[in-house]
Structure formats: C-alpha cells, structure tokens
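Protein chains: 2
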Amino acid sequence: MAKVHNYSAGPCILPQEVIKEAADAVLNFDGLDLSLLEISHRSSNFVSVVEEATFLVKELLEVPEGYSVCFMQGGASLGFLISAFNMIGDHKKSAYINTGTWSDKAIKEAHFVGDVEVVASSKESNFNHIPKGFDIPTDVDYLHYTSNNTIFGTQFKEIPSTSVPLVCDMSSDIFSKKVDISKFDLIYAGAQKNMGPAGATLYIVKDEVFKRNRIKIPTMLNIETHVKKESMFNTPPVFSIYVSMLNLRHLKSIGGVEAQQKINEEKASLLYAEIDRNPLFKGVAATEDRSTMNVTFVLTDESKQAKFDELWKAANISGIKGHRSVGGYRASMYNALPVSSVQVLVDVMKALESA
Amino acid sequence: MAKVHNYSAGPCILPQEVIKEAADAVLNFDGLDLSLLEISHRSSNFVSVVEEATFLVKELLEVPEGYSVCFMQGGASLGFLISAFNMIGDHKKSAYINTGTWSDKAIKEAHFVGDVEVVASSKESNFNHIPKGFDIPTDVDYLHYTSNNTIFGTQFKEIPSTSVPLVCDMSSDIFSKKVDISKFDLIYAGAQKNMGPAGATLYIVKDEVFKRNRIKIPTMLNIETHVKKESMFNTPPVFSIYVSMLNLRHLKSIGGVEAQQKINEEKASLLYAEIDRNPLFKGVAATEDRSTMNVTFVLTDESKQAKFDELWKAANISGIKGHRSVGGYRASMYNALPVSSVQVLVDVMKALESA
Numbered sequence: 000m001a002k003v004h005n006y007s008a009g010p011c012i013l014p015q016e017v018i019k020e021a022a023d024a025v026l027n028f029d030g031l032d033l034s035l036l037e038i039s040h041r042s043s044n045f046v047s048v049v050e051e052a053t054f055l056v057k058e059l060l061e062v063p064e065g066y067s068v069c070f071m072q073g074g075a076s077l078g079f080l081i082s083a084f085n086m087i088g089d090h091k092k093s094a095y096i097n098t099g100t101w102s103d104k105a106i107k108e109a110h111f112v113g114d115v116e117v118v119a120s121s122k123e124s125n126f127n128h129i130p131k132g133f134d135i136p137t138d139v140d141y142l143h144y145t146s147n148n149t150i151f152g153t154q155f156k157e158i159p160s161t162s163v164p165l166v167c168d169m170s171s172d173i174f175s176k177k178v179d180i181s182k183f184d185l186i187y188a189g190a191q192k193n194m195g196p197a198g199a200t201l202y203i204v205k206d207e208v209f210k211r212n213r214i215k216i217p218t219m220l221n222i223e224t225h226v227k228k229e230s231m232f233n234t235p236p237v238f239s240i241y242v243s244m245l246n247l248r249h250l251k252s253i254g255g256v257e258a259q260q261k262i263n264e265e266k267a268s269l270l271y272a273e274i275d276r277n278p279l280f281k282g283v284a285a286t287e288d289r290s291t292m293n294v295t296f297v298l299t300d301e302s303k304q305a306k307f308d309e310l311w312k313a314a315n316i317s318g319i320k321g322h323r324s325v326g327g328y329r330a331s332m333y334n335a336l337p338v339s340s341v342q343v344l345v346d347v348m349k350a351l352e353s354a
Numbered sequence: 000m001a002k003v004h005n006y007s008a009g010p011c012i013l014p015q016e017v018i019k020e021a022a023d024a025v026l027n028f029d030g031l032d033l034s035l036l037e038i039s040h041r042s043s044n045f046v047s048v049v050e051e052a053t054f055l056v057k058e059l060l061e062v063p064e065g066y067s068v069c070f071m072q073g074g075a076s077l078g079f080l081i082s083a084f085n086m087i088g089d090h091k092k093s094a095y096i097n098t099g100t101w102s103d104k105a106i107k108e109a110h111f112v113g114d115v116e117v118v119a120s121s122k123e124s125n126f127n128h129i130p131k132g133f134d135i136p137t138d139v140d141y142l143h144y145t146s147n148n149t150i151f152g153t154q155f156k157e158i159p160s161t162s163v164p165l166v167c168d169m170s171s172d173i174f175s176k177k178v179d180i181s182k183f184d185l186i187y188a189g190a191q192k193n194m195g196p197a198g199a200t201l202y203i204v205k206d207e208v209f210k211r212n213r214i215k216i217p218t219m220l221n222i223e224t225h226v227k228k229e230s231m232f233n234t235p236p237v238f239s240i241y242v243s244m245l246n247l248r249h250l251k252s253i254g255g256v257e258a259q260q261k262i263n264e265e266k267a268s269l270l271y272a273e274i275d276r277n278p279l280f281k282g283v284a285a286t287e288d289r290s291t292m293n294v295t296f297v298l299t300d301e302s303k304q305a306k307f308d309e310l311w312k313a314a315n316i317s318g319i320k321g322h323r324s325v326g327g328y329r330a331s332m333y334n335a336l337p338v339s340s341v342q343v344l345v346d347v348m349k350a351l352e353s354a
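Residue numbers (numbering that gives the first Met the number 0), protein chains in the order written: chain R, 0 to 354; chain C, 0 to 354.
Check before you lean on any hint, since a few could be wrong.
Restricting the straight-line Cα-Cα distance to at most 27 angstroms, the calculated cross-link-like pairs of lysine-lysine (DSS-like) are [said to hold, decoys possible]:
1. K92(C) - K215(R)
2. K210(C) - K107(R)
3. K215(C) - K91(R)
4. K210(R) - K176(R)
5. K91(R) - K57(R)
6. K215(C) - K320(R)
7. K131(C) - K107(C)
8. K320(C) - K107(R)
9. K104(R) - K215(C)
10. K251(R) - K306(R)
11. K228(R) - K92(C)
12. K156(R) - K251(R)
13. K57(R) - K131(R)
14. K91(R) - K107(C)
15. K107(R) - K156(R)
16. K107(C) - K215(R)
17. K215(C) - K228(R)
18. K210(R) - K104(C)
19. K261(C) - K349(C)
Rather than coming from a laboratory, the hints here were simulated on the basis of the structure.
Computed from a predicted structure; not experimentally measured.
Here chain R stands alone, though its shape is the one from the complex (with noise of 0.2 angstroms):
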C-alpha cells in the first residue's frame, strides 16, 4: 500500500513493483552489470525493450491491422504541431473541439499548418462540460479533440460521430479504458500519466495516414520517420520507454485496460458519490461530463478550507490541491492509484462534516 495516497496530476503515481524494478534497472540492468542509462540504444537488449514496449501497446489497447504504434519525444505539446502536420492535408483546413486549456494550446499550433475551425467549444462557462450537438464540417482534413481534460475534470464519454478523420489527444486517459482505435486516425498521449514517467509519447497512427498528399514535413515531427526506424530514428528516451514497458507489464499482469478500467469506476464512483452526498462537497463539471481520472470539486462553504486541508494532510494525502483556473481541489485518479487511497480522501471529507 502506498505510503503517501498520490493524487498528483502528472507526471503521477506508478505502480511500487514498477518503481522497484526501475531502480534496479538503473542499478543494473538485464544481468549486464552496466545501467540502463550507459547502454547503446542499439544494443540488443534495449532493442528487445522497445519492441516490447510497442507489442504491449499494440496488445492492451487491441489495436488493429493497418496501424503502426511509435514513441516519440516533446509530450503532448509538441504533439499538438505534430499531429497538425501530418494530417493536413488537400483541404488545408482543420476543425477542433475546444474542451480547455490543451485543446485551446492545439487550436494554436495547428494555424502553423492550416486554417483551423472550431466546431464546439465550452469556453464561455469554463469548460466545466463537453460540448454537445455540433455539425462538423466535411470539407476539412481532419476533427481533433481531448478525449480527457486533467484540468476541468471533464471526459468525453462517446468517440465523436464523424465522417473526416479523427485525431485525439488521449493524453490523460490512454490505458484507463476500452477503446476503439479503429475510429481514430491518429492518437497522440504524453507518457507520464497511464503509461510511464515523463520523457515519452505515445503515437498511435493509422498507415494510410502516410498515403495521403501531405505537405513537406520536418524529419522529426513526421511520425513516419519514427514508424519506419521502429522508434529508433535517432537516440529515444530510453529510461522513460524502458519504465512504460514495465508498467505496460503491470497493467496486463492484473487483467489488462478491461480489469483495469472496472478499478477506476469504482475509484470514480465512490469518490463522486461522497461529493454529492455530502453538502460539504459540490462536483465542479457537469454530471454527465465527469471524468473518472481528474474529479474536480469545491467547498460550499469557504469557511471549512483551513480544516478540511489540515485534515488531508494529516491523512497523508499528497496534491489534491486545485488547478488556479478552477480552484478548490482536484484529485487526480490515475490507474496506479489503488482504491484505499481513495477510501482515506472519502472518509476525510465524511470526517469534515463532524470536524
């Protein structure tokens, strides 16, 4: 169990045997008596480790025929210019949906390619809820949106229904729950929440993708150069594949995203049901809209704060504390985070009432 109940919002709690088997790798790693951060990336047994990393991926999220899976560096942020300049394309047109800050950050990169619509957007009441019930445009190269918002604690329950191809930025929720990948184009995800430690992303990309007209893209933010050389274009970060692998191993040693996905509705579920049963509490994201990795909530009485966090903090509980766009508390329920963790924040806020 978990010595500190870790809510941090990224990069976040990671299984302990992973942790532990990372430490050893470092020390030492597969019996070469040389650490894995002085290897050659091209030596065999780091070889083995990507190839590894990447069936895993292929493996856990079902993945199918026709698409190809890669690491990368730069996180999501780079990943916003990336997936803007591989999928442009005739129509040197793009449409986006606006579910907060990082789609916003998207928005921004994408006019580096192309003109960009924003089809949906829930900016005006905070992005406290997915927009609903938008037309998407047909003559565009492709739709993208955050299937999870760490920041509003908002998650889009359904894939959108679209005609063009479809771009995601599963950043936060990759590897929380089922999903199919064959509707998506291209799913781009920072390791450092599901995955593994910060220093890797996720490209997942479908290879027709590569047959389309595209405009001249840089070497190293085609995602066909890195598809081509296996992840192996020029040196990867090693530590942080390394590490994504061995918890890719964790998430199917206990049932894969299905087991896993069953732990963080439960986790979900019995933390919301303490914020609206208990008159303390308000849940800040529209109901339906509630994501089950980041649960965004305020005190309805301002008065409470100084005890309630006093009363966290003596739990051991570690970075509930809201984002300054929202305020209040945020805790951010990523898969390593076991359910008794979640059970001490309940029964804090249940102890509030009688404080």
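Fit chain C to the supplied structure of chain R, relying on the hints for placement.
Same frame as chain R, but now just chain C:
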C-alpha cells in the same frame, strides 16, 4: 572501478556515484516517500532540481551574462530544426560546415527554413579530417558546425573564426573541455554523452537572438518559450534532467571542466600513443583533427581481427566495434570513462603483438 570497461558511443558511461544516486531517487526522492517518477514537475522539490541544473551549466561552462540556458526534448536531431528555425533571419540563408553524418542531417533540416550554403566539407574523404582555409560568406544569418564527430573521430581544435552568428551542435564534447561560450549565438547538445541520460537536450542561447527579426516559430520549437518558462513550459523530461544535475554536481566536485579536460587529454594521449607505436594499428582521422572523445582506428593486418576481438572481450571491454560507415574500431572515451579502462585497452593492444 568499472566492472565493465564501457566504451559505448552514447548513451554512454556515467559515474558510478551518479548512477547510485539516480537509483535512490527512483525509490524515494528528496525524502518525500515518493519516487522521482511520480511527483509533479511543478513541486518545489523538482523546481529546485531544474534551477540547480541550470546554474551548474552556467557555472561549469562559465556562461557569460546575456546568455540563457534551458533544457528541451528531442535530442540534437530535433535541435537541427530548432536551431535553424530560431536563427534564420533577414538573409533567409545559412552556412554549414559538413564534417559528417550529423552535420549532413543538420543541413537537411535547415532547408526547411531557408537557403543553405555548405561552405566546406570533408565528405569526399569520408570525413576523415576537419576542413580548413575556407571562406564564410557574410550574407548569411548564421554559420553552423558540429564540434566533434562521433562516427569519424574528428574534432574541431579551434572555434571557426567568423563575423556571422555562430551555432554549434556540441552534443558529443560539451563539458569535456573549456570552451569560450561568448563566441557563440547558440549551442545545443543532446544529454546522452557527457551530461546525463538520453531524453534531455541542452540549449545555451545569446539573448540577443530573440530580439532579431525572426520567422514565425511554432511554440515548442521556439527556444524563447522554454527560456521564459525556465524549462517548464510543458512537462520536462524529469528523470533525465535530474540525473544530468547529479552528473554536473559530480563534475564540479572533481574540479570542473578544466580538471576533466586534463583527464580526457591523458586518456587520449595514452590511446593515440599506442595506436601510433603499435604496427598492428592505424588511426583513421587526420592526426591534427583527432577527437579526444571518439578514437577511430583499424587493424593494419586484417587476419588479426579474430584474435583482437577475443582479447578485448576477455578483458571485459564493451562497445568498441566501429560504426558501419568507418569500420574497424571506435573507442569512445567520454568524461566518466576512467584512465584505468584506457590502460586495459592499451594492454590488450600490446598483448596482440605477442599473441
């Protein structure tokens, strides 16, 4: 003393103390009862790490006033594009010295942002020397060169003299010797030789660069983005920056770059002396351009190869097989390689004579 004599060309050997401290932080960072891998990059504990790493770079390299230091991602391979994007200006033209594979790749990316003039090249002699005595046009926005050529084993012994802004890919010899930073407008370097593990890239930039007429640069490729946010615009490669900080602390503890330079010169003298003395071996690079970091050499009698390979493997030497573009052998002697490991290789070379 190293159990394995690790001559890996990169990622490469790091000091044992640094590796041990890195493993400790993976288990429990800063006494927080949390792994370095699962804490927020915006926690005060990690912000201190980035500040110390930045400070150590400035201190160890004697970075003058008017320069900024930041850490980014993507390696030098993305640096090829980033440097071009940030440096191209009114001339819409740049000058490059082509001294090998990495220069070649830098030239390719520079074509994305403007015209490129290759002012000198040693390509016709398989990059076995550093070109000299060439003219540098003045109607270019910058001159770019690669200070050390890992594959071919050549190194600039002097900084090219020019009136135009100077840009250098210093990936494989930064922190190995004293450098007059004031001669440069921009220096970039992948971490995985003398700075730390793969995943972080160092940029040292003259602040004047940001005041010039520049083209519109995507957010993540604009060095100013990362300088302004002190390497924290987005989630940085936490682990790689942390271990780099530990390694720079270590470098300071042994006397800094000047002390390290003496050790590197001692190692280079020892190995090159044996190459020149022993009739069974021949150096690949022109004598006056020999790299202190990567020593390329071949056997004069190919029939001795099996025996030599047997001898160095038996001596627990790792990573001296030459790159396919050069053949023979390459002994990479980055900062952390001890003199004693070089002595073991020299002893093996001597043993071959009497074998």
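Each hint tested on the structure:
Distance hint between K92(C) and K215(R) is fulfilled; the C-alpha atoms sit about 19 angstroms from each other, no more than 27 angstroms. Among the hinted pairs, K210(C) with K107(R) is consistent with the structure: their alpha-carbon atoms are about 22 angstroms apart, no more than 27 angstroms. With a C-alpha separation of about 18 angstroms, the suggested pairing of K215(C) with K91(R) holds against the 27 angstroms cut-off. Pair hint K210(R) plus K176(R) does not hold up; C-alpha atoms about 30 angstroms apart against a cutoff of 27 angstroms.
For the given pair, K91(R) sits about 31 angstroms from K57(R) by alpha-carbon distance, which is inconsistent with the 27 angstroms threshold. The straight-line distance between the Cα atoms of K215(C) and K320(R) is roughly 36 angstroms, outside the 27 angstroms bound, and the hint therefore fails. Taking the CA atoms of K131(C) and K107(C), the gap is near 22 angstroms; set against the 27 angstroms cutoff, the hint holds. In summary, the hint linking K320(C) to K107(R) is not supported, as the alpha carbons are separated by about 47 angstroms, beyond the 27 angstroms threshold.
Restraint check for K104(R) and K215(C): satisfied, since their Cα atoms lie roughly 16 angstroms apart, inside the 27 angstroms limit. Under the criterion of a C-alpha separation no larger than 27 angstroms, the hint pairing K251(R) with K306(R) is inconsistent with the structure, at around 41 angstroms. Proximity of K228(R) to K92(C) is assessed by CA-CA distance (about 31 angstroms); at most 27 angstroms being required, the pair is judged violated. Between K156(R) and K251(R) the alpha-carbon distance is near 24 angstroms, which keeps this suggested pair within the 27 angstroms criterion.
With a C-alpha separation of about 31 angstroms, the suggested pairing of K57(R) with K131(R) is violated against the 27 angstroms cut-off. Distance check on the hinted pair: K91(R) and K107(C) sit about 25 angstroms apart at the alpha-carbon level, within 27 angstroms; holds. Between K107(R) and K156(R) the alpha-carbon distance is near 25 angstroms, which keeps this suggested pair within the 27 angstroms criterion. In summary, the hint linking K107(C) to K215(R) is supported, as the alpha carbons are separated by about 13 angstroms, within the 27 angstroms threshold.
Only pairs whose Cα atoms come within 27 angstroms are accepted, and K215(C) paired with K228(R) is rejected, the gap being roughly 30 angstroms. A threshold of 27 angstroms between alpha carbons decides the hint, and for K210(R) with K104(C) the separation of about 24 angstroms falls inside it, so the pair holds. Restraint check for K261(C) and K349(C): satisfied, since their Cα atoms lie roughly 24 angstroms apart, inside the 27 angstroms limit.
Checked against the numbered hints given earlier, this structure breaks hints 4, 5, 6, 8, 10, 11, 13 and 17; the rest are met.
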